[in-house]
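A.B. asks: One letter stands for each residue in the lines below.
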Amino acid sequence: MQLKINGNVVEVADQPETPLLWVLRDEIGLTGTKIGCGMGICGACTVHINGEARRSCVTPLAVVEAADIRTIEGLATPNADGSLQLHPVQQAFIDEQTPQCGWCMSGQIMTAAAFLATNPAPTDDEIIEAMGNNICRCGCYVRIKAAVASASQQIMAQQPAAQAQAV
Amino acid sequence: MSDMTPSTPQTFEPAPTPKRRWRMSRRGFLIGVGLVGAGLAVGIPLATPWARLKIVEQFEASGAPSTLPDAPFAWFEVLPDSRIRLYVAKIEMGQGVHTALAQIALEELGIDRADLEIAQATTAVGPLDTFGTSGSTSVSAAYAPLRTAAATLRELLRSEAARQLQQPADQLTLAGRGFTLAGGTQSIAFNDIFANHSGEWEIPEEAPALKDFRDFQVIGTSMPRVDVPAKVTGAAIYGYDMRLEGMKYGAIARPPTLQATLKSAQAGTAANLPGVHTVVIEEGFAGVVADSRSAAHAAVAQLAVDWEMGKAWQQDEIDALVTVGAGDAVTIQNEGNAAAALDRSTTLSVEYRTPLAVQTPLEAQAALAEVTAEGVRVWVSTQLPTSVRELVAAALGVEEEQVEIIPTYIGGGFGRKSGFEVAVEAARLAKAAGVPVHVGWTRSEELRYGYFRPPTHHQFRASVGDDGRIQAIEHLQASGDVAAQFLPAVMMAVMGADFGAYRGAMVHYAIPDRKTAVAHHALPVRTGWWRGLGLLANTFAVESFMDELAHHAGKDPLQFRLDHLADDEMGQRMRAVLTAVAERAGWSTPAPEGRARGIACGRDGGTVVAEIAEVSLDATTGALRVHQVTAAMDCGLIVNPNGAMAQIEGNIMWGVGSTLMEEIRIEEGQVAAGNFDGYPLLSMRDAPQVATVLLPSEDGKPRGVGEPPIAPVAAAIGNALFALTGARVRQLPMTPERIRQSMANG
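Protein chains in written order, with the numbering used here: chain A, 447 to 613; chain B, 3 to 748.
It is possible that part of the hints are untrue.
To be verified - Quick partial rundown of chain A residues pointing at chain B, CB under 7 Å, derived from the structure: (1) 518; (2) 540; (3) 565.
Said to hold, decoys possible - Computed far set for chain B versus chain A, every beta-carbon distance over 10 Å: (4) 119; (5) 234; (6) 264; (7) 312; (8) 698; (9) 730.
As the list claims (entries may be wrong) - Stretch-level coverage of chain B by chain A, calculated; a stretch enters the list once three of its residues show a Cβ under 8 Å from a Cβ in chain A: (10) 161 to 170; (11) 183 to 191; (12) 240 to 251; (13) 516 to 530; (14) 678 to 689.
Simulated from the structure, these hints should not be mistaken for lab results. We put the CB at the ideal spot given by N, CA and C, even for glycine.
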C-alpha cells in the first residue's frame, strides 16, 4: 500500500486495518506523532488527513490510502537554505512558551492548525470548543489557549483577504 | 513527488562523547590531559565545600571505565569550537530544569546563551545523580555548586590564558568564546587555551568570588526554554520514541487482579502467531517479542497463563484500611497538650477523605533495551536513572558498570517515572530475544500497573475561644504508603512516619496546643509518589478545617488566617503571600453574580503559596465550575519567572482535576478504569483562568517551585463552594453527587 505523507510517497506492507499511528511511528519513524490513549480520547496522535484533524490511533490505513497525510514533521515549510519556516501555530507555541513535557503538543498544534485553517479568527469559546478534546496532563491550558489566539492574529495579519472576509 | 525510504531508525545520543576516564592528580584532584577533542572538564560534587572541587579531564588512552571516586554533580567541557557544554544529570520533564540550570551556569560563565550547550548525562557519561529528579529540589540544590563550578572553569581558563599570553589575568576580559586583552590587541579562544596547555592545570587557591544575587543578569530573567523548539516540531525524542536498527517490540502478560501472581505460563499458540520473534517465560514473568506492538500484544493474549488470583479487593475494604484509629499512629507535631485541652472542650470536630488517584502521564512508561556481550544500554523515560541501572543489572545478573541508562526527554513524570518496571521488562526481553526490544505500556497498563496516590483520612478537633482564636487543634491522619513502598524497611523503622504521606499535614498556625499524628498503611493496591506527595490531600484537610473554624468564629477566612500566623520568618512570608493574593483577586470586593471565592494557603520546604479560587455551580448539571484561580508564591530567588509561572499554572490544573474528577476505584480486585473514559482528566473546557503573583526574593535563596503550588488548590475550591452554597464537601473529588448530598444535608 502506498501512503502520501508530508508530500512524500511511502510504501508500506501493513494490513488495511492497522492504525495509521503505529505505521507512522514504528515503521516510518515519524515519532513526532504521539500515542496517548489508543482510543481517540486524548488527541496526542492528531494528524491532518486532507487538511482535517484526525486521531491517527483510531484511523485505519484503509481510509487514508489515497489521502494527503500531514504530521507534525511536515507542518513547517522548508526554506531555500534548508532551515524551517515554522507554521504560525508552532511559532506561537514557542512565543507563549506553551509546552511543558511536550508529549501532547504535536496533537495540540495539529488540532489548532487545522482549526485555524477553517476558522482563522475564532472567539475564546470557539478555541475552547476546538481544543477541548486534546488532553494536556501538564496542564498547559492557559498557554495553549493563548498560543492559539496569538497564532490566529498572526494568520490574520498574513491574510488580509481572510481578515476582510471574517469582518 | 519523491520517494521516501521508510525507516532509517532515529538514534538518540544525548551524550556523544566517549566515556570518561580519570586519574587522581598528585594534588589530590582528579586531573589529566585530554588529547582528543577538548577534554577540559570541571566537575563539582553536590553540596561539597570548595576544598573538594574536582578538576577532571578526558583521557584519550584506554583504561578502566569511568568510576568516579566522588561523582560530580555537574560538569562542564570546552568543545573544539570553544563553546562550552554543561552535562546535567537532572531530567527534563517539562519543568524547565535544563533551562534553569543553564541560566545558573551562564550567570557565572559570562558567555552567550548560544555558546552553552546542555547535554543530558547518562549513567556512564556525565555526572551521576542518585537522588533523581523529584521533590522540587533540582534548582535549589544545584544553585550554589553549579555557580561555583562555572566560576572556577572561567577563572581556570582566564589564568591559563594570561600565562600563555604573558599578560596579567586582570587585563583579560571574557568576550565571545574566549578572552580579549584590554585594548583589544590580542585574543584567545577557549579551545586554544586548552590546546596550548601542557602539564597540569593550576587550580585556583581560593574559590572565585561569586556574583551578588542583586547583580544577576541571567538568573531572574525569563530566558526561553531550551527544550521548547524541539517540542513544537516533533523532533524531541522521548523514551517511547526510541528506535534502533533491528529492534523488536515487547509485551508482557499482566495479572488480572491487583494481587495475582504468575503460577505458571506456557507459550501455547502464541509462538506460532505471525510476527512473533520470541516467547519469553521466566520465573514470575511471561512476555513476547514480536515485529510489531500489535503482534506482541496479540501473542501475549494467547499465552497459556495460570494466575494465583489472590483476594478480590473492593474499594470499601481499602477505605476501611485507611481510617484513623487503624494501625499505629506516630505523633509528628506536639506542642502544648492538645489532646487534654480538646478532651475538656471541643468546638468543632470533622473529618475529610481523599481518594486513590493516578499520575497517568500522557507518555506511558517506555524503554528500549539493547543487551550485547559488551554491555547493556537502556534508553528510558525515567526520573531516577541510577535506580533503573541498579534494578536492570540485578534483573540481568550483570554488574552495574555494564549497564548504561540513557535518559530521554520525559513525557510527563509527576512521580510515576521514578518507577523502573518498564526498563527491567525491556531488558529481560532483549536479553532473551537477542535483539533490541522496546516496551511501551498501553494506557490500560499505565492506569493499572503502576502505583497510586494513596487514599487519606483526616480527623480534626479544635477549640475556639470567645476571642475567636483557636486554642487547641488536633489532626489525626491516616494514609496509604508513599515513601514506605520504596525505601528500605529499616529506614522506615527509624523514621517511623512516612514523610511522603504526611507532607503538608502539620498545622503551622500559631496555636498554643497543637498535635498532628499520622499512620501509614501498606495497601493491597500499591501506592507511592505523586506530584507533591501528600501535599494536596493534607493541605486540603488542614485548610478546609481552618475555613470551617473561621466561619464558626464568624471571621473572614483571610483575616482568620492572618490572625493565626506565627510571627516568625515563615509566618511573615505567609502573611505577604496571603495579602498579595487577596489584593490581586479582589478578595475585599464581591465576586461576580452567581460566584464565590475561597482562600487557602500552604507551605512546602521553604516555599509559601496562597491561592484564591472563584467558583460557580452549573445550574443544569450541578457541576462545580472553577473560573479563576489566583496564586501568590514566595519561592525565594526565582531563576526563571516565566518558568515558575508555568509551574504554578500546571499545579493549579492538577489541583483542579483532583478536586473535580480524579478518583481511582478498585472493583473486584482490579483498578476499574481501563482508559481515559474511566478516568477523565481535566480538559480546557474545565480549566480555570490563572493569575499569578511572584513575590520578590528577600534573601537570594532559591526554593522549590514544581510542587508547592498544588497544596492549596483543593481547599481553596472547597472553601469557595462553601461560600457559594453553605455546603461543605469534605471528600474529594467534589462530584455533582457529593455536592448535592452535602447541600441536602445542610
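A.B. asks: Of the hints given before, which are not true for this structure?
C.D. replies: Failing hints, ascending: 3, 5, 10, 11, 13.
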